[in-house]
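Here is what each chain is made of, one letter per residue.
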Amino acid sequence: MNQPADPASTDPVLAGLLAHISRHRPGADAQLITRGYQTAAYWHQGQTRKSGDPYLTHPVAVATIVAGLGADDQTLCAALLHDTVEDTPYTQAAMRQEFGAEITGLVAAVTALDRAPAEQVSAACADDAAAVALAGDRRALVIKLADRLHNIRTIRYVSRAKQVDKSRQTLAVMVPLARTLGMDSIGAELESRAAATLRKRPGSASGGLLAVAAALLPPEARARWRAEWLAELQVLPTHREQLRFAVQIVLGIGRLAVTLYQPAAAIRRAFGAVLTAAVAASGLVAGGWRAALAVTATVLAVLATVLWTLHSHDRTQRLADLIRALRGHR
Amino acid sequence: MKKEPRMTQATKMVLREMLADPAAHYYGLQLIKATALPGGTLYPIMARLERAGWVTGDWEKSVAHIAEGRPPRHYYQFTEDGAEQARAALAGAYQPGQRRRLDFGMPWPDLPGMPQ
Chain P
1 MNQPADPAST
11 DPVLAGLLAH
21 ISRHRPGADA
31 QLITRGYQTA
41 AYWHQGQTRK
51 SGDPYLTHPV
61 AVATIVAGLG
71 ADDQTLCAAL
81 LHDTVEDTPY
91 TQAAMRQEFG
101 AEITGLVAAV
111 TALDRAPAEQ
121 VSAACADDAA
131 AVALAGDRRA
141 LVIKLADRLH
151 NIRTIRYVSR
161 AKQVDKSRQT
171 LAVMVPLART
181 LGMDSIGAEL
191 ESRAAATLRK
201 RPGSASGGLL
211 AVAAALLPPE
221 ARARWRAEWL
231 AELQVLPTHR
241 EQLRFAVQIV
251 LGIGRLAVTL
261 YQPAAAIRRA
271 FGAVLTAAVA
281 ASGLVAGGWR
291 AALAVTATVL
301 AVLATVLWTL
311 HSHDRTQRLA
321 DLIRALRGHR
Chain S
1001 MKKEPRMTQA
1011 TKMVLREMLA
1021 DPAAHYYGLQ
1031 LIKATALPGG
1041 TLYPIMARLE
1051 RAGWVTGDWE
1061 KSVAHIAEGR
1071 PPRHYYQFTE
1081 DGAEQARAAL
1091 AGAYQPGQRR
1101 RLDFGMPWPD
1111 LPGMPQ
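As given, the protein sequences belong to chains P and S, one line each in that order.
If you're matching positions, the first sequence starts at 1 in this note's numbering and goes up one per residue.
If you're matching positions, the second sequence starts at 1001 in this note's numbering and goes up one per residue.
One chain only, chain P, in its complex shape (with noise of 0.2 Å):
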């Protein structure tokens, strides 16, 4: 071994593969992965996922799924290859010699579970014998399932249309088979990410919601602040709870542009009785005493819940403690 450097210190994408796999499995062999990894980089090069992010990210990503699940070292770096023969010029023949017949086979398997006969996948999907003799390996099973895993988590990049048809046969044939090879929460994960994309409409009112609220902050913290919402928006798994986190966000905006901009408490008044008055002339000049009792209406209602919430955490706790206090010192 006469490498010039250990390849993981000059790629941070491997070094946080191979130190998950390792949190999961201490011996797992690091040489065997960044072999994997980098022919599946080589043959990947220049490749994109729907998202626009490198092609590599997809076999990193179910190699990280796998290794979560205990998966042994043949199926991690199976799981790495697994679309380079189908998706790139790479042959099975080649991938025998450099990485044998055990990880070649797994990747077959894994490629011609797409082709598999319709009868044959739903006796596979009741049956734990029966799906690992369709795949020949249960390991190849394991290693679909990551695949389709993180294609689901990363479905909104596709077509409406695909995202229909992946949903669908997510639900019909991958949760039953998770639930039948015992992986349970990787089928739960499936299953309501699937029936949640299938619920949704396109178009999102809370992306919109917290964009208008970030345009209220100081121009230098705007970009911060959205992409920190965005990416908690998109954890939350029904529309519904987005949308209640949105207006939360939306509700306490004044107080979040406070602190950015840091105004005197002489500025703070002005600002404060300058929107009062504004909100309520605007109401007046957009249309008559109807707008106007309706937008200070809206207003009152939204300083309501805020005072309310803001009161309710201190009214909580001053209960909470009043009764430790006369249970404590009686």
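Please keep in mind that the hints were generated in silico from the structure rather than gathered at the bench.
Everything hinted at is true.
Cβ pair distances, simulated, as ranges:
no., chain 1, residue 1, chain 2, residue 2, range
1, P, A291, S, T1079, 46 to 52 Å
2, P, G46, S, D1058, 28 to 34 Å
3, P, G136, S, E1017, 46 to 52 Å
4, P, P218, S, L1019, 26 to 32 Å
5, S, R1087, P, P218, 27 to 33 Å
6, S, D1081, P, Y157, 38 to 44 Å
7, S, E1017, P, G288, 44 to 50 Å
8, P, R244, S, L1019, 26 to 32 Å
9, P, P218, S, E1017, 23 to 29 Å
10, P, D53, S, D1058, 18 to 24 Å
Which bits of chain S does chain P cover? Going by a derived footprint, with three or more residues having C-beta under 8 Å, they are:
no., region
11, 1019-1031
12, 1071-1081
Bear in mind that the values here come from a model prediction, so they are computed numbers and not experimental data.
From the three backbone atoms N, C-alpha and C, an ideal C-beta is built for every residue, glycine too.
Based on these hints, arrange chain S on the given structure of chain P.
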């Protein structure tokens, strides 16, 4: 010296949550869930703690977000002496039930006209 952030009940809840593991990284939604505070309350608090220099924010560096198919998170962590200052502030903050004991424990000046 930077101004100490106002010790509201909500701020105390956030600090207590973060002090459970002072070295850990926390993201906004995680603290929202743990403290049951609304986002409109939590993020301004984080901004104030950042401004006071108790907490720093940084973007997620690991590959986990790629595998989970989401953008990188913004993480908050106590600064070097931030946790210590937070602990001190929490201890100094008014807590019901302590006042009485505090009053009794305090030695009264026995000479009313005592010179400085």
